[in-house]
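Asker: Here is how the chains run, residue by residue.
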Amino acid sequence: MTVETAAGDTPPEPELVQLLTPEGQRVPSEHYDPLIADITGDDVRSMYRDLVLGRRVDSEAVALQRQGELGLWASLLGQEAAQVGSARALRPQDHVFPTYREHAVALCRGVDPVKLLALFRGVDQGSWDAVETHFHLYTIVIGAQTLHATGYAMGIQRDGAIGTGDPDRDAAVIAYFGDGATSQGDVNEAFIWASVTNAPVVFFCQNNQWAISEPLERQTRVPLYRRAAGFGFPGVRVDGNDVLACLAVTREALQRARDGEGPTLVEAFTYRMGAHTTTDDPTRYRLNAELEHWKLKDPIERVKAFMVRGDLADQAFFDGVEEEADELAVHLRAACRALPDPTPTSIFDHVYVEPTPDLVAQRESMTAHLDSFEEEAAR
Amino acid sequence: MTDQPTGVQKLNIIKAINAGLRRSMENDAKVLVMGEDVGKLGGVFRVTDGLQKDFGEDRVIDTPLAESGIIGTAVGLALRGYRPVCEIQFDGFVFPGYDQIVSQVAKMHFRSGGRLRLPIVIRIPYGGSIGAVEHHSESPEATFAHIPGLKVVTCSNPLDAYWMIQQAIRLDDPVVFFEPKRRYYEKAEVDLDGEPDLPLESARVALPGTDATVAAYGPMVKTCLDAAAAAADDGRSLEVIDLRSLSPLDLRAVYDSVRRTGRLVMVHEAHRTLGVGAEVAARVTEQCFYSLEAPVQRVTGYDTPYPPARVEEEYLPDLDRVLDAVDRTFAY
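Chains A and B are the protein sequences, given in the same order. If you're matching positions, the first sequence starts at 699 in my numbering and goes up one per residue. If you're matching positions, the second sequence starts at 597 in my numbering and goes up one per residue.
Read the hints as simulated data drawn from the structure, not as lab findings. Errors might be hidden in some of the hints.
Here are the simulated distance ranges between beta carbons [unchecked claim]: (1) B:E889 <-> A:D827: 54 to 64 Å; (2) A:A1075 <-> B:R848: 36 to 46 Å; (3) A:S1063 <-> B:G727: 44 to 54 Å; (4) B:H731 <-> A:E999: 50 to 60 Å; (5) B:Q883 <-> A:T1041: 28 to 38 Å; (6) B:G727 <-> A:D957: 44 to 54 Å; (7) B:S798 <-> A:Y983: 47 to 57 Å; (8) A:T981 <-> B:I726: 51 to 61 Å.
For glycine and all other residues, C-beta sits at the position ideal for the given N, C-alpha and C.
Using the sequences and the hints given, assemble the complete structure.
Answerer: If you want it as C-alpha cells, here you go:
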C-alpha cells in the first residue's frame, strides 16, 4: 500500500532494518554491523536459548489457562525476537516499562516467570522487585506506561546519569507498547514530553499488526516509525522477527539516550501469531492465510537456520535447549499449582503506607465475618 | 540561596503555600514542582512565584500543556526517587489526568505489594464564586475521595495551608491537595518557624459552640464561621468544624460535637448527591444515632453542572442557606 501524505507526495516505502533473512542468511549492513560486531557464537546461542525459553513459558501459560490454572494469559507468540533482541541491548542500570505481554523481556531481566503466572492466576498484581530487576510492573491500561518511562528518564537526567561516558553509570529507559497504543493520548503526550525534555527514553513499539480485532489501518495512515519525525526525534523500522536486527537497532537507540541525545522510536515490525489473550478468537477477524504467511518468518527458526549454516551449534546444543525448556515447563506447572491464594484480609495491607483507621475497622469487620463461619462449623 | 521568610508573618493562602513549598524544597532536594506556567510566570495564581528563580528549571518544571502527561511523568519521577508536586491549573482541568491519578497513582503501592511508593502531591485550586467561565469553579473532591489509595485534603486558611502542604509533601502516599481559590487572598498570621499543631489527617474545631454543629471544609469554612457569627447575634451557639482531610475522613471531632449538640449541618460547594456530605451523614447516623435530635442537614451546590457566573451565588451555599438549615434542625 502506498500512503499519500497531506502534501500529496508519495514517500518511498520504508526500509526495514534486517540482518537475518527468514531463511537465516546474514544480511550485511554497513551501519548496523559494527553495532553487533562483538556478538560471539556464545551470544547467539544464548539468545537462541532466551527465544526458546520465552516461547516455552508462553505455551505453558496458555496450557495452564486452558486447564483453569490461570484466569487469563496474553501470548507473546511470534514476538520473541523483538523482545529478546531489545532486552539483550539493555545494561543492568537501564529501566524497563513493559505492557502485559513482555514475558521474554522479563526473562532476560531475571524476573522469575512463576511471578508472571502469579499475576495472571490472580494471586497478586505483580510481585517481582521492580527496583532490583529494573523491570517495572506490567501496565494494563494501554500506553499509560510510556509516560512513566518518560518521567523516569527525566529523573535519570536530574541524577546526572547520562552523557558521562561511564558505561556503568549512564542509563536509559525503554518503554514497550503496541501498535494500538500509538492511538492513545498518553503515548502522544509521552512523545512530546520526551522530545521537549530530550529525555533518555527509547519508545519500543511492537507493531504486531493487530489490536485485538483491529488491524493496523484502524490506527494509522502512515507507517508508525515515521510519526517520530513529527515529534522531532528519529524513528526506525526494524524487522521485529530478526533478533540480531532488533539487538542492533535497540543498542543504537539506547546509546543515543545514554549519551544525552534524546529519544528514539523503534517500530519492530512483527506479528501476533496467537490470539490477543486466551479469551480472544482471531478466526473471527483474520484469515488463516495471513498467519501461514507469517509462520514462514518465524523468529526462532531463522536463528536456528543461521546457526546451522554458520556451524554455530550442533544437534546436541539444540537438544540441550529443548531439554532445558522441558524442565522449565515441568517446574512452571508445579510451581503455578503450588502458588498459595492470598489471605482475604491481606487486601487491606498496602492500600496506603500506613493503614487508615477506616481500613483497620474494615479489616476487623471482614475477619469477624469470616470467623463467624468457622465458629458455626465448629458448633 | 533563597529568600525564605521567617518568623511570624501576615500571609494570604497563596503566600503561605508558596512558603510551604519553598521550605519543602529547601529541606529535601528531591522535591520538584511541575505544571503549566509554574516557572517564570509563577503559576496563574502565583502560588509558585519565584521558585524557579531560586531552585532552577530542573526542580521547577514548566510542563507541556497536557494534564495526563503531568501526572504520568510524575509517576516516573517518583519511581526514580523524586517527590513531585504537580499543579493542575484549575479544578475542571484535572480530568485529562484523571486516568493516571485513578488507575496508576492510586494503585501503585497496593498492586506492588507495598514495594513501590508514589510520594506525589497533586495541587488543585478549586471551587467557585470567582466569576469565571466554565471548568474554572468546580469542586470534584468527592470523585477523588472515593478512590482507595489516594489521600484527599483541603485547607481553609493560611496557617493550615502552610503546614498542610509540607505535611502532604512529606507523606509517602499520593495526596490530592485542594486549595480554596476564592479564599486565596484571605490573610492571617502564620508562624513560619513553629511546628504544625495537628497531623495532616485530622479535623479541627474552628469555633467551639453548644447548640448545633456545622461541618465544612475548604472555602465553606469561612462561610460557616460567618453564619456562626450571625447566629450568635441571635443567641444561638454554633460549633464549626473544619474537616481538612476528606480521605481518610476524620470525624472524631464531629461525633464528639454531635453527641453534645444533637444537630448537624454539613456544608460543601460540591454537588449534593454522593458528595462528602452524604458519607458524613451516613457515618454520623451510624455513630451518633441516639444523640441526634434531627436528621443531618446538607447545604450544598445543586445537582446541576456548575452554572454561569451570573447565577453562581444562588447555586453556592451561603450564610442564609446555612442558617436556614440550622433552623430546620431545631424544627424536629
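Asker: Taking the hints in turn, state whether each one holds.
Answerer: Verification of the hints:
Separated by about 56 Å at the C-beta atoms, E889 (chain B) and D827 (chain A) satisfy the suggested range of 54 to 64 Å. Distance hint check for A1075 (chain A) and R848 (chain B): the Cβ-Cβ separation is about 38 Å, which falls inside the suggested range of 36 to 46 Å. In this structure, S1063 (chain A) and G727 (chain B) meet the distance hint of 44 to 54 Å, their C-beta atoms being roughly 47 Å apart. Between H731 (chain B) and E999 (chain A), the C-beta spacing of about 56 Å keeps the proposed range 50 to 60 Å intact.
Range check, Q883 (chain B) to T1041 (chain A): Cβ separation about 29 Å, and the 28 to 38 Å hint holds. Remark: the range hint 44 to 54 Å for G727 (chain B) to D957 (chain A) is upheld by a beta-carbon distance near 52 Å. Evaluation of the 47 to 57 Å hint for S798 (chain B) and Y983 (chain A) yields a pass: the beta carbon distance comes to about 56 Å. Between T981 (chain A) and I726 (chain B) the beta carbon distance is about 58 Å. The supplied range of 51 to 61 Å therefore holds.
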